[in-house]
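Starting from the known structure of chain A, fit chain B onto it as the hints suggest.
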Amino acid sequence: MSRSIVFDNVHRHFGALDVLRGLTFDVAPGEVFALLGRNGSGKTTALRILLGFLAPMHGRATILGIDSQAIAPVERDRIGYVAEGHRLYASMRIKDAIAFESDTRPRFRRSYAEHAVRRCGLSPAKRIGLLSRGQRAQLSLIFAVAGEPEVLIFDDPAMGLDVVMRREFLDAMIELLSDQGCSVLFSSHILTDVERIADRVGILDEGRLVVDATMVDLRKRVEKRFWEPPEAAGRETPEAAGRETPEAAGRETPEAAGRETPEAGGRETPHVDGLLRARPRRRGFDLTLLDFDAEREAVLRSGGASLSEPAVPTLEDLFLDITTRNEGGATPLRQRESQS
Amino acid sequence: MKALLKKDANWLLFFLAFGTAIPLFVILGYGFRAVWVDPSMGGISDLMIVWWIGPLALGAFGAIRDELTRTEEYLRHRPISRRKIFNVKVGACLALVVFWLAAPLAFQMLFPGLWDRNAPIAQWGRFWHYLGAGSIALSVFAAAFCAGSLRVGWIQRIVIGAALEFFLFVGFVQLAISLDERWANSLGVYVALNVALTALFLVVAYGNHAQGRDPDRPMVGKTGWLTAVTLGVGLIFSATFVIAQIQEEFRMDVIHHYPWIVEDSEGAIRLITVDSEGQTYAECDAEHSVKGAFHFPEDDPGGRSLTQWWTYQPGWDEMREMGYHSWFGKFFDFGGRWERIATFEHNKRCYLNSTKGLVHLYKTKSPRMEGEPAVVDLRKGPKAERFSTDVERIWLEETDHVAVLADLSDGTIWKCDLSEGEERFESAPLPGGDRYLGCKTYELAQNRIVRNGQTYERVKRTYVIGSKGAYVWNGTSFETAPDEIIAHSAALGERFFVVTRVDPIAPAVEFRGDGGEILFSHRYGLFTGAQKFRGALVYFMSLLRAPLLQIASFGGVSQKPRATFLCATLIDPLLNGRNRLWLLGANLLVGVILALCAVKRLAQMGLSKGRRLFWALSILLGGVMVALLCAVLETRRAYRVTRVIAADDVPPLLIGGKA
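Chains as they are written, first to last, in my numbering: chain A, 1 to 340; chain B, 1001 to 1659.
Chain B with its partners taken away, still in its complex shape:
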């Protein structure tokens, strides 16, 4: 074993040096306070990026290194089993990954950390949280190693490797976004998932390693099945995510080219088309769309933007808003997300961990600050009770130094003003002892139409909703909100303009009068040739999705609430809500045709009945992506039948001593 390690020492040491130095520079760059004191760990997303790239490179290189240097046979031709060779290499790599996770953090703890001014309040236990969050590095390494070990060509290995890594990344980020789910919020579950995925990928890698890389032999036995299933699931998830995003782009293109609803100079609502530069307008569909005249309120002229119901894929929407940098930070949310809820002069910061019902005030040391650094466990009321685990932050836009929390277990509201030096939450009751139910954002004006060079504005305000009414924060306490604003907002938001049919590409909208009468209605749809072409692209992307997921989409798996995180990717909005049965039928038909083609091809190649059935069912459920995977894994080359020549047919012509 020592000898096997020594032969790889060169490149292992290279990875060891770079993989340790770069994270070390990153965390030293963030500083001691960001890593060990402030609990909002999502901020150190660069560290997670490094923890991704390193294992990815290590896994890929580790898997193909002997192949690149063409020393596989030199290594194998000695009395050492393949299992041992594999185990030593993988074991060394896994140890390296764990070292990458632990060593830079340990270094910062031991050296700069011990002498830092804020060392007394450092949360050293966070070390284990970091290691847990970093366990994704094991899966990343194993996925890359697995892809590199596959018995397929270089391009196929790269594509499959990218799909597996993408599967890990998107899957866990979406899981992190949905951390309202208790089970998903457990660091233990997250680590266990990563360990399980690591084991699965390495088992597949070993199977391929043990069978050897021979493109003229089929993958057989357990390795064949396990490889197909593992890659199939990863590929479906990754491909569906990509398909969903492309489909969303096509859908947005359809929506952007739909006619606009505007109010003309005479106060009538009209449907107009806008040219590509937004310069000219032309009336369209007026004869069958306009039901009557409608006047916007005088203080709010203009048309209506429809964007609020365009993007309702929650997971993707949030991911897109966050940006890639924040995605990596999300991995630190597993095990409890700490959220900053108030700040005073940069060194007094209040954090909430709603999962654990904890509110901590961090007073950090700085040159301007008097006194010693401290962490205060903030509790509520004169009895210093702890918050329940069902606690919610109330956003107050007016101030940043007041923390206001609602404890949903009893409907009470609590506030803590850091500028006053308070270290306990005081009650902030609603007028009349009302019970807190939630917050609501009211729109105070219509969105103005977007014209060339002119942006729309949205005027909104957040109100606390109680069982008896709405309330507004006046700077020190809550008071009843003016009725007219609520009425105005309700009228704007719910009464005048109503989306009567929520559909990704064919929504129906109505404008109603004061008495509720319909003044204007329009159902968008694919009427013109251009619209039909754009719509066909959207439908085409649906055909690429897995039939199993399409059935689930059609069958009513809800896209909301947010906790159903996977729905954002896997559920097709075109089918959701039992819409477009024909599209589901077309998708299933594609699956059937592909399965039949695959069965015919596999039968010609001479695959066993069981294996043909496996692929047929897999393609029926997985669709186009699984059909492609089948083509990559089950090649004609691997099943080519040799034309056997009898040994005595053509003997050598000169037989020394035998002739």
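Only chain A is shown next, with the shape it has when bound in the complex:
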């Protein structure tokens, strides 16, 4: 099946900074793909390259089978785009902006846009410069969707939208488009939205896609457990001794302050295949595990350590585990990479 969007080993730098280093992934028709990453990880750059606003230094990106550097003006009508910050002409009134879109984009459905604007409670006579950030985001989304795009590119579409709007408006719009066979590629920082909307997730880190997975696979293949080493397991906890815990006393815990606890710091981090990250806790470690099986579980349990029942991690947990730097400045994935 032909893919709507393809990134094929795309490289891009800004000055001395390598922003994209071999970005490779694709999006199938009707698929909703969320591109995640920390600030400066290259999400916006990837989207701008895809739309032909920036040229890649190496590699190639295609959209609807067209090379991104050779998108003919007429083809742009097939692609919906909401830029970061929802840039519109601030001096225009909403009705003028609708007229402008209608006059410059043949596929733009004016009546749909007018109807959607009314439903959002926006006054057509209001100047765009006077709209709130959220209202401007709504208007941008309406404009993008009203063009009946075959591919929709959103650069952080939820920025400025409140929870209600994100749930009711953004979700509905994306689901509707996806049902119609429109591919959606969007970047976002709001991971709960991504969990809800996306079919697939890509996580960008230091210019590379470190994770490319469906939401279903992620949930299936990632688990979270608490691992308690034997010496800690036999020790009396403050709660059991009837003493006030730091949390209960309202004091900052060592973990919250980012310091290693004496117990955790004094123990060796467990080494096991499929371990993505081990975060020291008060009495043990939070382990994020990939493809964990009985054999690996046995390795961890050997020596008398106790292991909690698996918990389903959120996307946010996973994102943090993947992109948070450890003491050496490298992400867990990068560390594993260099070790291998």
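It is worth saying that the hints were derived from the structure and are not from the lab.
Quantities reported herein were computed from a predicted structural model and do not represent experimental measurements.
Be a bit skeptical, because a hint or two may be false.
To be verified - Quick list of simulated restraints, FRET-style, between CB atoms:
1) A:Ala-72 with B:Ser-1040: 53 to 63 angstroms
2) A:Thr-314 with B:Ile-1158: 44 to 54 angstroms
3) B:Ala-1192 with A:His-189: 54 to 64 angstroms
4) A:Ala-28 with B:Asn-1087: 47 to 57 angstroms
5) B:Ala-1034 with A:Gln-69: 53 to 63 angstroms
6) B:Gly-1577 with A:Gln-69: 51 to 61 angstroms
Said to hold, decoys possible - Where chain B lies over chain A, by a calculated footprint (3+ residues, C-beta under 8 angstroms):
7) 6-13
8) 27-40
9) 72-78
10) 102-112
11) 223-229
We put the CB at the ideal spot given by N, CA and C, even for glycine.
The following block gives chain B in isolation, referenced to the frame of chain A:
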């Protein structure tokens, strides 16, 4: 197209309103007579200033507006080509500029003009002359738009934009000063030049617009070449002008610190140095400079100012004397300069257009004036012949109401006394039927030395020179000038004090006795440490000039006559006349070193051989300025090579459905 215009309507209307209102206020302030009746249009220079500032602001804002509001991508992501977006915006701006030129003038013609007392003699055809002179506004707009569209940083864009505007301004003002050249005097040529420059700047702007602003990609193809050449020429001209002025300041500093030549109390000529406040004097160089005693004439004691040969860069000298306000008025001189040659009671004014051989008498309406306003075509002699196009005004300092013209085609002189009510030029023959050759100003006394708190005086008088002698105006006719005055003047001006070597910083002077014997001579030069330091600054400025122009300077392109207008800026006086071959060599050496450095740098960056050769030749010819331009346009960043990682080297760790 309508939609694209509508989206910019806001700021276009803003510019439309201000750009129309301000010129309108200006021309209404000047009044109907100044704009439509009196032909000396240079007087309405404020209008030209407005016609400069408006397009400059429009061009700069138009180019960067989408970038400022960060709506470039929003605009581009629709089925409209870049060319159309560019054409609509530029077309709207150009239409706006033309409207600015035409609308205020048309308004004044239609409304106040129709009821003005002098409307019957209004020169409505001058409207086209104004539009033609105002065509510089198109170039100004295009230069600003071009600079704003460049794919370089903000500071570089501002510097390049300033250089391009400066290039336009100085180039055309100097051209206007040199209007003796027939081709330069054509309004058609002037308009064509402006249209061509506008087109060139807009082509460069479009090339940069189409390639998009990406500092990590090099400028390639025709756009790259055209941008480099256009900016290079503009930058060389502007920079050379600035360098020339700075060099002139340094040179004046050298001259001002040179010793003075004075006559002491015993009548001997001495060379003295003067301290910074002009209070104390010290003798210097006397042993090798003074050749003998010399006495000034008793009625003219004192030293000699050397200023008359200090400033001989004609274009700049004139510009400096005019002041910036008059510079803008010069743009109206294209197509024929009207010069007022006589005035009587403020409402009878006589104007000469020497290019067309026309002399017009304007009788304007005022409360004190009887009769109707009229324009009279003044002709010469009983047969009412027209003047030739080679006609010259003779300045008579005694009177302002008598117009005296010399027709060089036949050497005749004609006068018209406005106070007598004459409306025709009568013959004013030279004694003995002599043929007019020209005018000459004689000095009647030495310039006195400038001392602290004391200015020097110059006593001069203008005489008409014929083939048989000199003549002076006696109020009604010409009579032969007294021989002794001429002899005295000649002695003062040419005999006693002679500059034997004209040089910008090392002139040689002589004082001669009655028999022509040399009584005193001195060659100025950089002898002391302080003089050498000041001189080094002058030489340093020469090194910054373009080697190509330095070769032309050395090779004998003359600074005079005035018609060689560009020479005032582009020719280095230090080299002119095959002087200082070593300085030319040093300048060329600087060019070679810069070219080699640039080639090495460009090779490291990975530029193609053709492009390296282009820059090497350009720097060899253009020198320091082109080397700087090369550094600005060809950045290391744009040619940085990406370290490519193979796609399969490090695949994502979690592959949903693919693992």
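Comparing the hints with the structure gives:
{"no.": "1", "hint": "A:Ala-72 with B:Ser-1040: 53 to 63 angstroms", "in the structure": "holds (57 angstroms)"}
{"no.": "2", "hint": "A:Thr-314 with B:Ile-1158: 44 to 54 angstroms", "in the structure": "holds (50 angstroms)"}
{"no.": "3", "hint": "B:Ala-1192 with A:His-189: 54 to 64 angstroms", "in the structure": "holds (58 angstroms)"}
{"no.": "4", "hint": "A:Ala-28 with B:Asn-1087: 47 to 57 angstroms", "in the structure": "violated (39 angstroms)"}
{"no.": "5", "hint": "B:Ala-1034 with A:Gln-69: 53 to 63 angstroms", "in the structure": "holds (58 angstroms)"}
{"no.": "6", "hint": "B:Gly-1577 with A:Gln-69: 51 to 61 angstroms", "in the structure": "holds (58 angstroms)"}
{"no.": "7", "hint": "6-13", "in the structure": "holds (count 5)"}
{"no.": "8", "hint": "27-40", "in the structure": "violated (count 0)"}
{"no.": "9", "hint": "72-78", "in the structure": "holds (count 5)"}
{"no.": "10", "hint": "102-112", "in the structure": "holds (count 4)"}
{"no.": "11", "hint": "223-229", "in the structure": "violated (count 0)"}
Figure legend: structure checked against the earlier numbered hints; hints not met, in rising order: 4, 8, 11.
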